[in-house]
Amino acid sequence: MIRACSVSELPEGEALRLPGPVPVSVFHAEGAYYALDDTCSHQDASLADGWIEGCYVECPLHAARFDLRTGAPDCLPAKNAVRTYPVVIADGVIYVDTEARQEVA
Amino acid sequence: MRTIAVVGTSLAGLRAAQELRGRGFDGRLVMIGAEPPYDRPPLSKDFLLGKVSADDLALAGQDDLDALAAEWHLGVRAEKLGREGVTLGDGTTVAADGYVIATGAVARTLDAARDLSGIHTLRTLGDAVALKAALAAGPSSVVVIGAGFIGAEVASACRLLGHEVTVVEAMPVPLASVLGARMGAVCGDLHAENDVRLITGVPVAGFDGDGRVTGVRLADGRELLADLVVAGVGARPAIGWLTGSGLAVDDGVLVDSGCVTVNPRVIAVGDVARYRCPLRGGRVRAEHWTAASEQPGVAVANLLAGSTVTHFARHGYFWSDQYGRRLQFAGVATEDVRIAEGDVASKRFVATYHRGDVLAGVFAIDSPRPFTRLRRALRSLGEPRR
Chain A
1 MIRACSVSEL
11 PEGEALRLPG
21 PVPVSVFHAE
31 GAYYALDDTC
41 SHQDASLADG
51 WIEGCYVECP
61 LHAARFDLRT
71 GAPDCLPAKN
81 AVRTYPVVIA
91 DGVIYVDTEA
101 RQEVA
Chain B
106 MRTIAVVGTS
116 LAGLRAAQEL
126 RGRGFDGRLV
136 MIGAEPPYDR
146 PPLSKDFLLG
156 KVSADDLALA
166 GQDDLDALAA
176 EWHLGVRAEK
186 LGREGVTLGD
196 GTTVAADGYV
206 IATGAVARTL
216 DAARDLSGIH
226 TLRTLGDAVA
236 LKAALAAGPS
246 SVVVIGAGFI
256 GAEVASACRL
266 LGHEVTVVEA
276 MPVPLASVLG
286 ARMGAVCGDL
296 HAENDVRLIT
306 GVPVAGFDGD
316 GRVTGVRLAD
326 GRELLADLVV
336 AGVGARPAIG
346 WLTGSGLAVD
356 DGVLVDSGCV
366 TVNPRVIAVG
376 DVARYRCPLR
386 GGRVRAEHWT
396 AASEQPGVAV
406 ANLLAGSTVT
416 HFARHGYFWS
426 DQYGRRLQFA
436 GVATEDVRIA
446 EGDVASKRFV
456 ATYHRGDVLA
466 GVFAIDSPRP
476 FTRLRRALRS
486 LGEPRR
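Same order as they appear, the protein sequences are chains A and B.
Mapping of the first sequence onto the numbering used here: residues 1 to 105, in sequence order.
Mapping of the second sequence onto the numbering used here: residues 106 to 491, in sequence order.
Treat the hints with caution; some may be incorrect.
Stated by the list, open to error - Straight-line Cα separation of at most 27 Å, DSSO-like style, residue types lysine-lysine; simulated pairs:
hint : chain 1 : residue 1 : chain 2 : residue 2
1    : B       : K156      : B       : K237
2    : B       : K150      : A       : K79
3    : B       : K452      : B       : K156
4    : A       : K79       : B       : K237
5    : B       : K452      : B       : K185
6    : B       : K452      : A       : K79
7    : B       : K150      : B       : K237
Keep in mind that the hints were calculated from the coordinates and are not lab data.
Model the full assembly from the supplied sequences, consistent with the hints where possible.
Here it is, written out as structure tokens:
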């Protein structure tokens with residue numbers, strides 16, 4: 001588990017990139033928190049810089065959209081899903097279980 | 106409609122096929138193309154640098170292609186569109202009730218280059234493979250003609266591969282027609298900052314060499330040594346096969362704001378389509394990835410409806426990767442340019458273009474997050490409500 005930030009630091013519609021060998025980002029959308037691989041599966045771009053709408057994030061470079069719940073893309077140019085990770089909220093702090101990569105959709 | 110033929114199997118053609126199936130067309134779908142669907146933008150960037158392979162460029166996996174349940178005619182060109190259907194290079198004729206024209210564009214070439222080897226263009230995977238091999242042979246001096254996006258990206262890739270590069274641009278400021286003079290100059294500076302020589306305001310007069318190019322002659326009398334030349338001088342729409350089709354053709358297939366030709370059973374999308382743009386007022390060809398991806402949704406809806414029921418009214422968007430920097434642009438460039446965030450000197454900024462109080466365009470270098478937000482603002486301001 002790694003500490004992302006406090007709940008108050010991540011308002012609805014925002015994302016935070018957690019740097020690391022495989023950067024992971026945590027998203028706050030539709031009242032819930034999601035964690036995904038930060039790098040778009042199509043080309044090197046940070047999804048944390050993207051546009052969050054509903055339960056989707058749109059890559060800031062080529063506008064591929066990923067479902068925050070599953071990591072699956074719903075349009076070109078992305079063809080492959082990004083991995084998702086469990087998010088745990090405890091005492092007002094957001095944690096991401098980066099060890100427990102969930103199977104891609 | 107029982108049969109629809111999609112002519113051209115690059116991004117716009119593939120997207121049209123996906124939209125047809127996605128919108129419930131369950132008839133016979135015929136795909137006709139010289140090449141299988143692959144993504145072009147990486148050809149001048151990561152492909153030349155060896156970061157991605159030809160396989161990585163595929164626009165769709167086999168499962169996705171199978172899901173289209175289409176009949177494919179690949180490796181063959183359409184030669185004619187007439188009353189009897191599309192006639193292919195192998196003599197086959199495909200008769201259909203509806204047609205999607207997505208034949209794209211082909212690289213412009215320089216007449217003076219005709220009899221010399223060592224002069225490349227970059228449009229297709231084949232072009233990129235040839236250029237990559239030529240670069241691997243270790244040219245001592247590369248000259249890139251044209252400082253537009255393709256030229257700049259190729260120059261950047263060549264520089265990153267360690268080659269000596271000179272860029273020649275006929276216009277006084279690179280990209281001024283697209284980004285305006287001020288931002289065009291900022292982009293032009295990227296070359297010198299990365300040890301690439303940029304010569305502007307001078308057209309190319311011809312080439313030296315006997316069989317193989319050895320130099321480039323400029324209109325002002327200068328001569329540049331070059332054993333590899335890349336001409337990035339634009340593209341022309343692939344419309345030759347439409348002669349006699351009855352369609353209106355002038356620097357592209359003329360279509361309305363819904364990408365529909367004079368014949369409601371024929372639509373045109375992507376680089377080949379010259380559409381009436383409600384946001385810009387006139388007819389334009391949008392030679393960019395995003396337009397090729399987005400137009401088919403509108404065009405196919407109109408084809409299936411039998412008339413223009415929806416319009417393509419989205420701001421143009423494109424990106425470019427040069428010298429490790431990410432350039433993004435959306436909308437229209439005007440004279441009124443303001444720096445919204447960052448600073449130009451550091452080459453990390455967002456600039457906005459204005460028309461009076463209205464946001465007209467956005468350009469950014471290495472600032473994807475604020476760019477995306479401003480691009481959204483542009484979209485919602487400029488898009489007429491449907």
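Here is how each hint holds up against the structure:
Pair hint B/K156 plus B/K237 holds up; C-alpha atoms about 12 Å apart against a cutoff of 27 Å. Note on B/K150 and A/K79: the hinted pairing holds, with a Cα-Cα distance of about 20 Å set against a maximum of 27 Å. Pair hint B/K452 plus B/K156 holds up; C-alpha atoms about 24 Å apart against a cutoff of 27 Å. For the proposed pair A/K79 and B/K237, the alpha carbon gap of about 26 Å is at most 27 Å, so the pair holds.
Among the hinted pairs, B/K452 with B/K185 is inconsistent with the structure: their alpha-carbon atoms are about 48 Å apart, more than 27 Å. Restraint check for B/K452 and A/K79: not satisfied, since their Cα atoms lie roughly 32 Å apart, outside the 27 Å limit. Between B/K150 and B/K237 the alpha-carbon distance is near 11 Å, which keeps this suggested pair within the 27 Å criterion.
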